[in-house]
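Asks: Sequence:
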Amino acid sequence: MVKSLKKKSDMSLAEQNRALIASQRLNKIILQSLNFHDVIQKIAETIPNELYFDTGIVAVIDRISQTIKRVGISSTKEAEGSVKTLTEAFNKTGISLSDQNNYMAKVVKENKLLITENLRDVLCPPLTAQQAIEIQNIIGTKTVVVYPIYGSMSTAIGVFVAGTKKKKEDLTKYELAIIQNFVDGVGIAMEHAILYSNLRKTSEQLRLANIKLQSLDKLKDEFVSLASHELRTP
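With the first letter of the sequence shown counted as 1, position 11 gets the number 11 in this note's numbering; the numbers rise by one all the way through.
Derived by calculation from the structure, the hints in this document are not laboratory data. What you are looking at is a predicted structure, and each value in this text was computed from that prediction instead of being measured. Watch out, some of these pointers could steer you wrong.
What the hints assert, rightly or not - Derived CB-CB ranges, DEER-like:
{"id": "1", "residue 1": "Thr128", "residue 2": "Gln214", "range": "52 to 58 Å"}
{"id": "2", "residue 1": "Thr172", "residue 2": "Leu195", "range": "34 to 40 Å"}
{"id": "3", "residue 1": "Asp62", "residue 2": "Asn181", "range": "24 to 30 Å"}
{"id": "4", "residue 1": "Asn35", "residue 2": "Ser152", "range": "28 to 34 Å"}
Don't be surprised by glycine CBs; every beta carbon is placed ideally from N, CA and C.
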């Protein structure tokens, strides 16, 4: 009994250390780069490297098109082909926020995490059910946990998907708590990257507008000079 309690205590300490390392890793990602796509991809890669989950997807919500687009996905050597298929499909169509069957759309609407044992609940559409089954068999996922991602606002900015080879009943509350804490950090990282990306875009637009104004100002000076010359000429 004492040995069992000690083992449980040791495991909790190990889990806490792993959660701390994952948080530190996420902080480094935030500090190292503010490029949106770099940040999102690095976050996705952090999932199998630092957490208990084997694969992960970080997707962003496009409010204009009302769709969820795939942005970053962790990849393993055996799943490279599947990742490519998944990437192309998501980038082409995305997932409608009004989809009543897809778990990514459902977590945004219901504002809570959802757990499924079928990858097709997350990947269909844009993938077919058969494609989703094939990918699940390749990567060996048995349980998928889907979370909405929030920044500082009450509106979701993305979706976080984590897959594991563990069965649903084998996931501990502590493991789910770790991934939830990580998702909270992801929301901050995504929001910073989005703000930085928008700032760079605005700066570029202002730079181009300034160039255009300078060009118009030069044309105006040339016109005034020409008009003055014509007025002085008999």
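Asks: Check the structure against each numbered hint from earlier and tell me which ones fail, lowest number first.
Replies: 4
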